[in-house]
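Trainee: For reference, the chains in residue letters:
There are 2 protein chains.
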Amino acid sequence: MKRKIYLSNTDIEEAVSIYIKRLEEGKQIVAVEKIDIREATGRVTALPVFARVSAPNHNAAAMDGIMVVAERTYSASEVQPIILERGRDFEYINTGHPIVDPYDSVIMIEDLVPDGEDRVSIRMSAAPWQHIRPIGEDIVSGEMVLPENHKIRPMDIGAVLNSGVSSISVYEKIRVGIMPTGNEITEQYDDLPKGQSFDTNSWTFKAMVEEWGGLADRISPVPDEPEALSRAMQTLLDRNHIVVINAGSSAGSKDYTAGLIEENGELLLHGIAIKPGKPTILGIIDEKPVIGVPGYPGSAFLAFEEIVGPVFRLLQKTEIPKNAQVEATLSRRVVSSLKYREYLRVKLGKVGDKLIATPLPRGAGVTMSLVKADGLMIIPKNSEGIEAGETVMVELMRDLGAIQNTLVSIGSHDLIMDHIGNLMEKAGKTSSGAVAHLSSAHVGSMGGILALSRGEAHLAPIHLLDEETGEYNRSYLDKYLAAKKTVLVKGVKRQQGFMVASGNPKQIHVVSDLCKPGIRFVNRQRGSGTRLLTDHLLKKQGIDPSLIYGYERDMTTHMSVAAAVKSGSADVGVGVYSAAAAMDLDFIPIGYEEYDFAIPEEYMETEMIRIFLAVLKSEEFKAILKELGGYECQ
Amino acid sequence: MKRKIYLSNTDIEEAVSIYIKRLEEGKQIVAVEKIDIREATGRVTALPVFARVSAPNHNAAAMDGIMVVAERTYSASEVQPIILERGRDFEYINTGHPIVDPYDSVIMIEDLVPDGEDRVSIRMSAAPWQHIRPIGEDIVSGEMVLPENHKIRPMDIGAVLNSGVSSISVYEKIRVGIMPTGNEITEQYDDLPKGQSFDTNSWTFKAMVEEWGGLADRISPVPDEPEALSRAMQTLLDRNHIVVINAGSSAGSKDYTAGLIEENGELLLHGIAIKPGKPTILGIIDEKPVIGVPGYPGSAFLAFEEIVGPVFRLLQKTEIPKNAQVEATLSRRVVSSLKYREYLRVKLGKVGDKLIATPLPRGAGVTMSLVKADGLMIIPKNSEGIEAGETVMVELMRDLGAIQNTLVSIGSHDLIMDHIGNLMEKAGKTSSGAVAHLSSAHVGSMGGILALSRGEAHLAPIHLLDEETGEYNRSYLDKYLAAKKTVLVKGVKRQQGFMVASGNPKQIHVVSDLCKPGIRFVNRQRGSGTRLLTDHLLKKQGIDPSLIYGYERDMTTHMSVAAAVKSGSADVGVGVYSAAAAMDLDFIPIGYEEYDFAIPEEYMETEMIRIFLAVLKSEEFKAILKELGGYECQ
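Keeping their order, the protein sequence lines are chains A and B. Note that this note's numbering has the first sequence beginning at 1, numbered continuously upward. Note that this note's numbering has the second sequence beginning at 1001, numbered continuously upward.
This is chain A alone, in the form it adopts within the complex (with noise of 0.2 Å):
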């Protein structure tokens, strides 16, 4: 097989319509069976029900009381009522029980007065056939039940019952084969050695395909050598009506599998323009779509929804369901790439009368992103990107009714927010009994604070240092939030130092250390209170920034800091005890600063800040602090 190194870059609708077209010339690849309806939710009707039997089959009481033959009613009245002697002029019955000759009527228990033992008297007189379901009511013997292609659901079920059917003509259930492939993939999850990579996207395949209503044929990594995936492939194919190969799909020296598909049928594309995504592949072989997906977990997912997805509704003769779409106002800008349609997932929370998406980030291969996303926002090809402000439409991933209580915070980024947020999930309730959640973004302090003024959220954690002062934060919501009243509550006090490889190889101990060759330093984002400290300190001590090797290279959270020092890609960072403690690091501290929430007045009644407030002050909470260590109460 040959190094092929470019794509082709159909656009999405026409590489699926292709796709989709050239299969449905093919053979029908899907069996019919039959099978008991009590087991058939989510399965597709192949042929129509017809009732075999009406619904109710008898002439049916449809309230609890007395059935009577109706003329013999006529003159009972307010003035003048008539006692029914039982036997004779009625006879109990329930709801649902058959009506018996000669009774034609029934007479609520509610309108009758009690005479003894059996009988009742009658102050009404009662119409022939009322509260009486007749015999058809809800189904007619013969009566289309449920048409064909028609996906099961629980109503169907007791529909179908009563209608005197059990027995029904499905589509066999769409199976799906998955191939994970790679040299450096594992599935030994208890150990991770260095430069392999744990299989993770074929287990979400697989829940993908379960949640579909399909069956998954998974097998274990299949390494790059032609021959174990080949023979892989053609046991997948024998017994899947789709088979997925992921990864191998782009154009690198190992990438086999448009290759593999060439050899063994038909290689229809090699590349879609959509971002991430783009190297799938779309092939058929023996009638069936083998479809070649790419590695990284973003575009991995998103080939799997995007094409694999309407490739299994095709066989499954189902419609594609389409999630519901919203508004909202984008919070920062964002660039893309005139080749692609984009797809970027975003955060969405309600800022007062503004529904906001914040976009995640868009690495390929970024799983959290999948994980935090309440929506997909769709940038289509020919743009050049979206302003921050601009109207965009979100695909909803998440309930609408969730995110309208989630409390939006955008700021500095430190471990107890995804601390606090667990506790609200479960502390919290709104009074309409609402689960109350917390969306923690990290853009820094100062990116925080030019949030709350564009209104994006309703609060940012900070921890901004005044130099001329040595105050902490108070000073930065004067100047850059002098138009919006904003409250400061108090949050943590934290040790800040920097993190070091455990033992501290490199004997770093002040900040003039850092200027020593050989130190490899891993810095914060600007804007970040980190960031702003550290130059603070360099300042201070006169040393000129360009002087530090790595200085440019930049992260924005502690933990990615602390990653690349534990990672050895780096000799030291400044980050907070808690991160080092994390990564089993070294930890030199240079002093606490003041972790603190800037909250807009406005929002300082509503029960989501509440329950945050309710939090930051819980002992639990207190308890949480005291484990990670690095922090005091404020």
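In short, the hints are calculated from the structure, not lab data. Idealized CB from N, CA, C, for every residue including glycine. There could be a bad hint or two in this list.
[Unchecked claim] Derived CB-CB ranges, DEER-like:
#  : chain 1 : residue 1 : chain 2 : residue 2 : range
1  : A       : Arg-22    : B       : Gly-1503  : 54 to 60 Å
2  : A       : Glu-24    : B       : Ile-1083  : 42 to 48 Å
3  : A       : Gly-503   : B       : Leu-1215  : 48 to 54 Å
4  : B       : Pro-1114  : A       : Ser-8     : 20 to 26 Å
5  : A       : Met-604   : B       : Ser-1337  : 55 to 61 Å
6  : B       : His-1536  : A       : Gln-130   : 28 to 34 Å
7  : B       : Ser-1337  : A       : Glu-327   : 36 to 42 Å
8  : A       : Asp-190   : B       : Pro-1114  : 47 to 53 Å
9  : B       : Leu-1215  : A       : Val-32    : 45 to 51 Å
10 : A       : Asp-111   : B       : Gln-1525  : 23 to 29 Å
11 : B       : Ile-1018  : A       : Leu-215   : 53 to 59 Å
12 : B       : Ser-1337  : A       : Ala-483   : 50 to 56 Å
[As the list claims (entries may be wrong)] Residues of chain B clear of chain A, computed beta-carbon distances all greater than 10 Å:
#  : residue
13 : Arg-1123
14 : Glu-1210
15 : Glu-1287
16 : Thr-1329
17 : Ala-1483
18 : Ile-1588
Given chain A's structure and the hints, the job is docking chain B onto it.
Mentor: Frame of chain A; chain B shown alone:
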């Protein structure tokens, strides 16, 4: 157990809130267990999930290409490319693979010019860390990957595995005991003796519980005997978290549910102000919720969704998903009781630019309304009803996209409409690849014409005889739809006649036989073409309708008239051949009539109408007409 007649009428929010509060005060009845994340879709986390390792756990190539030492590339430029040698200056690397010392940068394969076997030329310098995914870019060890009380979705599985965690703590699946009761309830679906009803609710409940992610423990119907009921309830209580007793919840002589709960635990509430669903019972036994739901399928389904649903979610620690709501125009007046909040199922259709909501039959027992519904409309307590043309909010039960691809037919009923709908599902695809649906509401021919004039339907099937001209349909369009250009598309000729029991025991042959003593007639509703035909025949013979017994008992479909004759509750009705044949009735023809389609000109060129017309002309449809009998093509 004594017969209790009056139920309370508590508002549903209040009822649910009292119940939930009382259950929250009790002890935790749901255990926590450790399971494999790969089998965890739909399960709910009982503890937060923290990352055990970072992802990636090494600095990884983000592109296919070569890894280089950035410093050594700084002199490369367009005018002065530099040559790199494999082994000395670079190594090939594929996406995801680890960067090894001393390399610190990646150049994409697209930016390389091969120069012999092991040499490449570059025309641009590489920045340090370019195209490298740093350790922890996605997930940082120690980070919270999933919070507590989080329902696991496919993408969560990938993220959790990616964080090096394979076993997580979740709540056990919520187990719901489902106990159908009633002497008249049978689960022998191959035969239905008169007076018996199939057990249908319990299977719908089971499917609902499974859809919610629970385990359903359904038992066979229990007879209405206090001891058997008590024993069955205790068995289900022992092995489940929730027990639902179906029927026996009202105030009839065999309604034991309330007493059963009262004797074994606490009866919190009996009677909720909703319609359908009023006689619902909320109880607690051994700290477990025991709920009595009414027997009528419509009431049962609603009570299960609105009462059992929130209780299930409370135990499952998940939120109640809110269906999307849409604004729609009500197509006909609906009256409601001041005393209840009423839930009304509706069909939806997009006609012109209006979304039209047409109420479905609302007998509590009508399972077909559940099947046919596109949405749920709520009429608040204290409302007497809603006028036609008013805007209402409808909770969607079906995908809005599918609703928008639905042709709305309102008018006269005929069996062929079901078949046309089915053929459209199978054959018809719009140019955008969507399936074309048919929604068919039965309000009689005149009702259809009125619906067209109000802009609420795309087409109206009609069969209206002009007594003066003897011609069908056209004069009605001229008279009632003069303001709207309307096309009359010829449909089918169909035989109308008397439907009588097999063997014609009452010897009914001509119209005047309807007045004979002892003959019970069943009529069609006013405005239907069949009623007009009957009235026309009576007038021609000079017969006074008031002489006909049962003339005022009217039904809205041919099939329900046939069913009334079949059941023996009437001796004769007028209808089409196919209805008589479906019910094994004798048929005495009284003539052919023309069943045509009135279609506003503005819709004639729409894709949906084109698909409809194509089906009408198809060979497959003609074959169905032949099989049904009693039709001629026009």
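Trainee: All the hints need checking, so say for each whether the structure fits it.
Mentor: Tested hints:
1. A:Arg-22 / B:Gly-1503: 54 to 60 Å: holds, 58 Å
2. A:Glu-24 / B:Ile-1083: 42 to 48 Å: The hint (42 to 48 Å, Cβ to Cβ) is violated, given that Glu-24 (chain A) and Ile-1083 (chain B) are roughly 53 Å apart.
3. A:Gly-503 / B:Leu-1215: 48 to 54 Å: holds, 53 Å
4. B:Pro-1114 / A:Ser-8: 20 to 26 Å: holds, 23 Å
5. A:Met-604 / B:Ser-1337: 55 to 61 Å: violated, 44 Å
6. B:His-1536 / A:Gln-130: 28 to 34 Å: Given about 30 Å between the Cβ atoms, the range holds.
7. B:Ser-1337 / A:Glu-327: 36 to 42 Å: Taking Cβ atoms as reference, Ser-1337 (chain B) and Glu-327 (chain A) lie about 38 Å apart, which means the hint holds.
8. A:Asp-190 / B:Pro-1114: 47 to 53 Å: violated, 42 Å
9. B:Leu-1215 / A:Val-32: 45 to 51 Å: violated, 30 Å
10. A:Asp-111 / B:Gln-1525: 23 to 29 Å: holds, 27 Å
11. B:Ile-1018 / A:Leu-215: 53 to 59 Å: The hinted range 53 to 59 Å is violated for Ile-1018 (chain B) and Leu-215 (chain A), with Cβ atoms some 44 Å apart.
12. B:Ser-1337 / A:Ala-483: 50 to 56 Å: Given a distance of about 53 Å, which is inside 50 to 56 Å, the answer is holds.
13. Arg-1123: holds, 17 Å
14. Glu-1210: With a cut-off of 10 Å, Glu-1210 (chain B) comes too close to chain A, as the shortest Cβ separation is near 7 Å.
15. Glu-1287: About 20 Å separates Glu-1287 (chain B) from the closest Cβ of chain A, which puts it past 10 Å; holds.
16. Thr-1329: holds, 20 Å
17. Ala-1483: Given a closest Cβ separation of 35 Å, the condition holds.
18. Ile-1588: holds, 20 Å
Checked against the numbered hints given earlier, the structure breaks hints 2, 5, 8, 9, 11 and 14 and satisfies all the rest.
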